[in-house]
Amino acid sequence: MQGRLNAYLDGELPLTEQKSVEEHLRSCPVCRERVQQAVRLAALLASIPVPEVPPDLAERIRAMARQRRRRVIWGGWWREASTPMRAAASLVLAVALTLGTLMSWKITQPDPPLVAAAFDYGLDSFAGAPDGSLEQAYLTLLSSSADERP
Amino acid sequence: MCAAGGGDARAFDEVVHRHQKPAWNLAFRFLGDVEEARDVVQEAFLRILDAAPRYRPTALFRTYLFRIVSRLCLDSIRRKRPVPMVQVPEPADPNPTQIENLVKQEQAEAVRRALTQLPAKQRLAIIMRYYENCGYKQIGEALEVTEKAAERLLARGRNTLEILLMKWMRE
Numbered sequence: 001m002q003g004r005l006n007a008y009l010d011g012e013l014p015l016t017e018q019k020s021v022e023e024h025l026r027s028c029p030v031c032r033e034r035v036q037q038a039v040r041l042a043a044l045l046a047s048i049p050v051p052e053v054p055p056d057l058a059e060r061i062r063a064m065a066r067q068r069r070r071r072v073i074w075g076g077w078w079r080e081a082s083t084p085m086r087a088a089a090s091l092v093l094a095v096a097l098t099l100g101t102l103m104s105w106k107i108t109q110p111d112p113p114l115v116a117a118a119f120d121y122g123l124d125s126f127a128g129a130p131d132g133s134l135e136q137a138y139l140t141l142l143s144s145s146a147d148e149r150p
Numbered sequence: 001m002c003a004a005g006g007g008d009a010r011a012f013d014e015v016v017h018r019h020q021k022p023a024w025n026l027a028f029r030f031l032g033d034v035e036e037a038r039d040v041v042q043e044a045f046l047r048i049l050d051a052a053p054r055y056r057p058t059a060l061f062r063t064y065l066f067r068i069v070s071r072l073c074l075d076s077i078r079r080k081r082p083v084p085m086v087q088v089p090e091p092a093d094p095n096p097t098q099i100e101n102l103v104k105q106e107q108a109e110a111v112r113r114a115l116t117q118l119p120a121k122q123r124l125a126i127i128m129r130y131y132e133n134c135g136y137k138q139i140g141e142a143l144e145v146t147e148k149a150a151e152r153l154l155a156r157g158r159n160t161l162e163i164l165l166m167k168w169m170r171e
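Chains as they are written, first to last, in this note's numbering: chain A, 1 to 150; chain B, 1 to 171.
Derived by calculation from the structure, the hints in this document are not laboratory data. Among the hints, erroneous ones may be present.
On the chain B side, residues computed to face chain A include the following (Cβ under 8 angstroms) [as the list claims (entries may be wrong)]: (1) Phe12; (2) Phe28; (3) Arg29; (4) Val34; (5) Gln107; (6) Arg112; (7) Glu151; (8) Leu165.
Glycine is no exception: its CB is placed at the ideal position from the N, C-alpha and C atoms.
Throw the hints in and build the complete structure from the sequences for me.
Have a look at this one:
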């Protein structure tokens with residue numbers, strides 16, 4: 001009866017068995033007290049309030065979901081790409097990085113004839129002047145004049 | 001849920017909107033802490049989103065949700081520090097209504113304490129049964145045990161609570 005009583009308390013018995021348990025309860029004070037205990041417990045448990053769902057919870061979930069989707073899009077492309085595609089993408093990236101590095105190196109390297117001219121005429125401070133500046137133009141003039149000397 | 005698995009953001013928002021309350025109730029009643037419950041619920045929905053492309057509706061979505069929340073709750077208590085009990089200040093000159101409120105507060109605190117003393121799976125089973133109206137089948141699926149085991153978890157949980165709350169049961 002104990003097992004059936006638990007199932008009865010949990011609302012798990014089919015109707016016919018419920019009636020059979022109720023019939024038993026009418027004549028068994030021990031089981032009746034057991035059921036009453038369980039009812040009192042259920043009432044006690046119901047007395048705990050729960051705070052309302054935090055109002056920003058859904059928005060926080062949405063925000064984190066959006067971040068995750070962005071990561072998944074890029075990661076997903078790489079995972080889904082075939083090996084030749086990944087190789088091609090890596091090659092393009094490597095070439096772009098190399099060209100970029102070379103171009104920036106070229107820009108920052110001073111033109112050798114201009115460096116020589118700056119040295120020859122004691123105009124060291126002009127050597128690092130940017131392209132198109134007056135100092136650069138002057139050095140260009142000086143270096144071309146040096147080239148023309150016999 | 002299937003639409004969310006196909007990348008439909010609005011479908012996922014709808015899933016969150018519809019199911020955040022039961023997820024929150026389960027997490028908060030189990031953990032008893034607002035911040036921890038919030039973290040668990042957030043993580044639960046993110047895991048649901050990650051798994052959405054593979055989701056197959058073989059059972060009630062709520063059961064699936066409770067399974068994820070339960071797992072996260074169990075993980076959480078393994079890392080958890082004890083939560084300090086809230087001290088209720090004594091009023092200077094209590095009137096009958098205040099005394100009644102204090103008694104109710106004390107009762108609610110006693111029930112919370114009793115729940116925290118249950119083994120984790122019994123606690124989850126009790127919460128799902130008494131607060132979320134879950135049956136043995138749902139509880140079993142959420143806790144990844146058989147229906148018979150769910151019945152036993154409930155019976156043992158009930159017995160323990162009745163002993164711990166005997167004082168309040170007599171009143």
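So, going through the hints one by one against the coordinates:
With 8 angstroms as the threshold, the beta carbon of Phe12(B) comes within range of chain A, its nearest partner Cβ sitting at about 6 angstroms, so the hint holds. Interface hint status for Phe28(B): upheld, as the beta-carbon distance to the closest one in chain A is roughly 6 angstroms, under 8 angstroms. At a threshold of 8 angstroms, the smallest CB-CB gap from Arg29(B) to chain A is about 6 angstroms, leaving the interface hint in force. At its closest, the beta carbon of Val34(B) sits 6 angstroms from a beta carbon of chain A; the interface hint therefore holds under the 8 angstroms criterion.
Given the 8 angstroms rule on beta carbons, the hint for Gln107(B) holds: about 6 angstroms separates it from the nearest Cβ of chain A. At about 6 angstroms, the closest approach between the beta carbon of Arg112(B) and any beta carbon in chain A falls short of 8 angstroms, and the interface hint on this residue holds. Interface hint status for Glu151(B): upheld, as the beta-carbon distance to the closest one in chain A is roughly 6 angstroms, under 8 angstroms. Interface hint at Leu165(B): satisfied, since its Cβ lies 6 angstroms from the closest Cβ of chain A, which is below the 8 angstroms cut-off.
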